[in-house]
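**Q** The listed protein sequences correspond, in order, to chains G and Z. Numbers in our numbering are just positions in the first sequence, counted from 1, shifted up by 993. Numbers in our numbering are just positions in the second sequence, counted from 1, shifted up by 11.
Everything labelled a hint here was simulated from the structure, so no lab data went into it. C-beta: ideal position from N, C-alpha, C; glycine also. Errors might be hidden in some of the hints.
[Unchecked claim] Some chain Z residues near chain G, calculated using beta-carbon distances under 7 Å:
(1) Ala48
(2) Tyr52
(3) Arg56
(4) His57
(5) Gln70
(6) Phe77
(7) Ile170
(8) His194
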Amino acid sequence: MTSFIDPCAHCEEMMQPYLDHVLTEAERVAAESHLDECEQCRRRYRFEESLRVYVRQATAEQMRPELRQKLSALRIPLD
Amino acid sequence: MSATVTVADMSENEDAQRLASEARDRVRFEEDALALADQVYRVARHIANSREDAEELVQETYVRAFRSWASFQPGTNLRAWLLRILTNLNIDRGRRQQRAPQMQALEANDYYLYDKLAEDGNGIPDTERVVERLSQDDIVTALAEVPHDFRDVIVLVDIGDFSYADAAQILDIPVGTVMSRLHRGRRILKGALAETALEEAGT
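Please put together the full structure from these sequences, using the hints given.
**A** Laid out in structure tokens, this is it:
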């Protein structure tokens, strides 16, 4: 039985593994060939990619210098 | 007689050498571990619920790491070793209470957030612009709303840059579980972001 697969729904399924670089070669080629012809999916992939970069930037909080000093002070002195 | 003295001297000397080399290894370990503190904190900050909790957790992690340095196998991933201590401590101390979410986190499909943000814009959205509609606070708040099991994986992989395999080892769960939690967790995060964005648009 051949079932109809909505190519955009399938592309959505492939998005996370695609961006994580864990698709097989064949799956990657298939995903890219759909992306080449579907602007809608392409935009959504690009959004996901930018979002990931943005999440990384937005969550990057520097440690306070006081904490760094406290950590150094935890070292076990040589006797 | 003189022969036994020599043997005793030699073994004392060996002991001293062994101690000196152990001390060197320990100092190097401590320096290597401290050099990773920024990266450890970055992950801890979002595994814990607040900056205070994160700072405490990082300190406890280093206390334990310095005490049990001898159990670290040189040549293996020290950052992962430290994070494993940290995530275990976080679970042991029962710090994983969920901050009361304002609403039930929604697990939407992968495109939900994009579609919501794009709907509000005029015409075809520019990807960069769509992302920019989310503030840094939106991201941090939404991430804190993701339940711990999912959040820990997102934080390790997407913020800490750990591989699926490292994350699996740190959390002591199978790689398949890392993958499924990561997928669901990212969807929950996007659902939470969509809700935040919609709330802001509505006010």
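**Q** Next item in the hint list is histidine 57 of chain Z. Is there a CB on chain G closer than 7 Å to its CB?
**A** At about 6 Å, which falls below the 7 Å cut-off, the nearest Cβ of chain G leaves the hint on histidine 57 of chain Z intact, so it holds.
**Q** Would you settle whether the hint for tyrosine 52 of chain Z is holds or violated, based on the nearest Cβ-Cβ distance to chain G being less than 7 Å?
**A** Cβ of tyrosine 52 of chain Z sits 4 Å from chain G, so the hint holds.
**Q** Classify the hint on alanine 48 of chain Z as holds or violated, based on whether any CB of chain G lies nearer than 7 Å to its CB.
**A** Cβ of alanine 48 of chain Z sits 6 Å from chain G, so the hint holds.
**Q** Grab the minimum C-beta distance from phenylalanine 77 of chain Z to chain G and call the hint holds if it beats 7 Å, violated otherwise.
**A** Status holds, d = 5 Å.
**Q** If you take the shortest Cβ to Cβ gap from histidine 194 of chain Z to chain G, is it below 7 Å?
**A** holds (5 Å)
**Q** Minimum Cβ distance from isoleucine 170 of chain Z to chain G below 7 Å?
**A** holds (5 Å)
**Q** Is the hint on arginine 56 of chain Z kept, meaning its closest Cβ partner in chain G is under 7 Å away?
**A** Hint on arginine 56 of chain Z: holds, closest Cβ of chain G at ~5 Å, below 7 Å.
**Q** Measuring from the C-beta of glutamine 70 of chain Z to each C-beta in chain G, is the shortest one below 7 Å?
**A** Holds - the Cβ of glutamine 70 of chain Z comes within 7 Å of chain G, reaching about 6 Å at its closest.
Of the numbered hints stated above, none is contradicted by the structure.
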